[in-house]
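**Q** Line order of the protein sequences matches chains A and B.
Under full-length UniProt numbering, residues 1 to 288 are what the first sequence spells out, in order.
Under full-length UniProt numbering, residues 1 to 236 are what the second sequence spells out, in order.
Just to be clear, a hint being listed does not mean it is correct.
[Stated by the list, open to error] Here are the simulated lysine-lysine pairs, DSSO-like style, with alpha carbons at most 27 Å apart:
| id | chain 1 | residue 1 | chain 2 | residue 2 |
| --- | --- | --- | --- | --- |
| 1 | B | Lys-143 | A | Lys-170 |
| 2 | B | Lys-42 | B | Lys-30 |
| 3 | B | Lys-199 | B | Lys-30 |
| 4 | B | Lys-115 | A | Lys-170 |
| 5 | B | Lys-30 | A | Lys-169 |
| 6 | A | Lys-170 | B | Lys-128 |
| 7 | B | Lys-74 | A | Lys-170 |
| 8 | B | Lys-74 | B | Lys-30 |
| 9 | A | Lys-170 | B | Lys-19 |
| 10 | B | Lys-128 | B | Lys-115 |
| 11 | A | Lys-169 | A | Lys-103 |
| 12 | B | Lys-115 | A | Lys-169 |
| 13 | A | Lys-169 | B | Lys-42 |
What the hints contain is simulated information worked out from the structure, not anything from laboratory work.
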Amino acid sequence: MMINRDKTFKTALFICAAASALATLLIFGFLLVFGLPLFKGGQFFLLLGRPWAPGQGMYGFLPMIAGTAAISLLSLVVAFPISLGVSFFLHSLAPAALGKILKRLVQFMTGVPTVIYGFIGVFLLVPLIREMFENGSGMCVLSASLMLGLLISPTMILFFSDGFAAVDKKYIQAARALGATRVQTLLFVVLPNAWRGLMTGLIMALGRAMGDTLIALMIAGNAVNVPSSLLDPARTLTSHIALVSAADYHSMEFKSIFACGVTLYLLNAAAVIAIRRFGAVGKDKAHV
Amino acid sequence: MDNSIIKITDLHFSYNGLKVLKGVTHSFEKNTLTAITGPSGKGKSTFLTTLNRLWEDVPGAALQGCVELKIAEKWRDVYASSMDIAALRRMVGMVFQIPNPLPMSIFRNMAFPLKLAGVKEKDQVQAKVQEALERAFLWDEVKDRLHSSALELSGGQQQRLCIARALILEPMVLLFDEPTSSLDYQAAGMIEDLLVSLKESCTVLMVSHYLDQVSRIADSRLELADGKLLLSNISR
Ligand SMILES: Nc1ncnc2c1ncn2[C@@H]1O[C@H](COP(=O)(O)OP(=O)(O)OP(=O)(O)O)[C@@H](O)[C@H]1O
Ligand SMILES: [Mg+2]
Numbered sequence: 001m002m003i004n005r006d007k008t009f010k011t012a013l014f015i016c017a018a019a020s021a022l023a024t025l026l027i028f029g030f031l032l033v034f035g036l037p038l039f040k041g042g043q044f045f046l047l048l049g050r051p052w053a054p055g056q057g058m059y060g061f062l063p064m065i066a067g068t069a070a071i072s073l074l075s076l077v078v079a080f081p082i083s084l085g086v087s088f089f090l091h092s093l094a095p096a097a098l099g100k101i102l103k104r105l106v107q108f109m110t111g112v113p114t115v116i117y118g119f120i121g122v123f124l125l126v127p128l129i130r131e132m133f134e135n136g137s138g139m140c141v142l143s144a145s146l147m148l149g150l151l152i153s154p155t156m157i158l159f160f161s162d163g164f165a166a167v168d169k170k171y172i173q174a175a176r177a178l179g180a181t182r183v184q185t186l187l188f189v190v191l192p193n194a195w196r197g198l199m200t201g202l203i204m205a206l207g208r209a210m211g212d213t214l215i216a217l218m219i220a221g222n223a224v225n226v227p228s229s230l231l232d233p234a235r236t237l238t239s240h241i242a243l244v245s246a247a248d249y250h251s252m253e254f255k256s257i258f259a260c261g262v263t264l265y266l267l268n269a270a271a272v273i274a275i276r277r278f279g280a281v282g283k284d285k286a287h288v
Numbered sequence: 001m002d003n004s005i006i007k008i009t010d011l012h013f014s015y016n017g018l019k020v021l022k023g024v025t026h027s028f029e030k031n032t033l034t035a036i037t038g039p040s041g042k043g044k045s046t047f048l049t050t051l052n053r054l055w056e057d058v059p060g061a062a063l064q065g066c067v068e069l070k071i072a073e074k075w076r077d078v079y080a081s082s083m084d085i086a087a088l089r090r091m092v093g094m095v096f097q098i099p100n101p102l103p104m105s106i107f108r109n110m111a112f113p114l115k116l117a118g119v120k121e122k123d124q125v126q127a128k129v130q131e132a133l134e135r136a137f138l139w140d141e142v143k144d145r146l147h148s149s150a151l152e153l154s155g156g157q158q159q160r161l162c163i164a165r166a167l168i169l170e171p172m173v174l175l176f177d178e179p180t181s182s183l184d185y186q187a188a189g190m191i192e193d194l195l196v197s198l199k200e201s202c203t204v205l206m207v208s209h210y211l212d213q214v215s216r217i218a219d220s221r222l223e224l225a226d227g228k229l230l231l232s233n234i235s236r
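Let's have the full structure, built from the sequences with the hints guiding it.
**A** What follows is the structure, encoded as structure tokens:
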């Protein structure tokens, strides 16, 4: 009886896992098939490097790749220290009651719709940046990265906090009894042992940052060129897809966005692998 | 001549209003081994943490009274604002019931307190690590595997590692919270011998549940009852 139920449960879980893996593969296949006109004859790789000039028959999306890379990496740079600081505060400094309230707030923030962040960006951040730098419209890489950093921080904080909380209390007590300050305990004991949580948090947050469409669409300016400064406008792969697919269905432009999707997919996978690699090296260093 | 090194006066302690210590007064003599016994949950572990201020990590805990330590022939208030907690914990080491080596190599565990204290010189670290491991009767067993994980050691070896790790800072007081209760008879015997040998350089306080152990190694026994420490007989 027991064994039977166990087996049913396992089968159910297996089906769920298989279904989600299948869905991922299907989406990838779907993108490949629909982008086929552009893949024929190896054009895909040319696309990666070329500019976007549909009038001249050029459907390259180098600018969008650069936009996505710049904005999502910068948003990580913004979100990482904030998240690390907040999770550290929640873990070992905040009084219990305050910690609880803060954690609720962070959980709530993960559920706030992106468009709200975008809206705040348009009405608050963009004018602020415009005034501060007196250069351009304020719709730029910097605005989008800051806002996106804010958007992904709650996700990071939750993963980091869980990672910190999972560190055996015994280790923390050992370090404290040997005279470690709170900061030393964090650096030498908590962080190295929360490595998994940190990596997972980074990956999830990066996924959110790369996949997010609205914020970049609303406040990055959407100009199709490779940004050369923080104050330049930029267009991400996701906003590009959104902008083009809002136009017409039969043009070559439209077909090209499937290739754009494939690129986003691959870029995301590459980033995840890079973080994993980096993470594995870091972990070895932390433990020898 | 007054040979005491720890002086505790009218110590009260509570967790969120739950009174655990209700007026403890006692002096501990230098280079002795004092056993603290008593029923479970009455505050023995808590009492130990009042000496190295480890309880301060517990939210809602509160202490009243005076704990003094004789440092370089001068009485110093452990709770004075001028007291550096890290320095205090280097002078008052603690070993726990369940061995708690950090998840790193044996060598790194040993060097950890030195790293915290800012000792950087490699030869010095090396020499201190060996000396402390020798004093904890562990050197011969680990000298060929210093760079493998401390978590691979047996329970008794892990506990001796934790003792060695506390010794490396040359503490004047060592607190042991039931140091043998997670170990088998033989491993416990080794720790007992080790504790006795520590008296030469340190003052040792040990919480123990085993009266036979107390009678084997302790110089005196304090029973914690009703929030107070009472000097009790050791039945030999
Ligand atoms: N971190 C804590 N927070 C709140 N209450 C605590 C905490 N630690 C201990 N207590 C309470 O204080 C009392 C004394 O606990 P303590 O661990 O000092 O007892 P003990 O004599 O060491 O017991 P044992 O022999 O079982 O180890 C207990 O009632 C316990 O519930
Ligand atoms: Mg106890």
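**Q** Of the hints stated earlier, which fail here?
**A** 5 and 7
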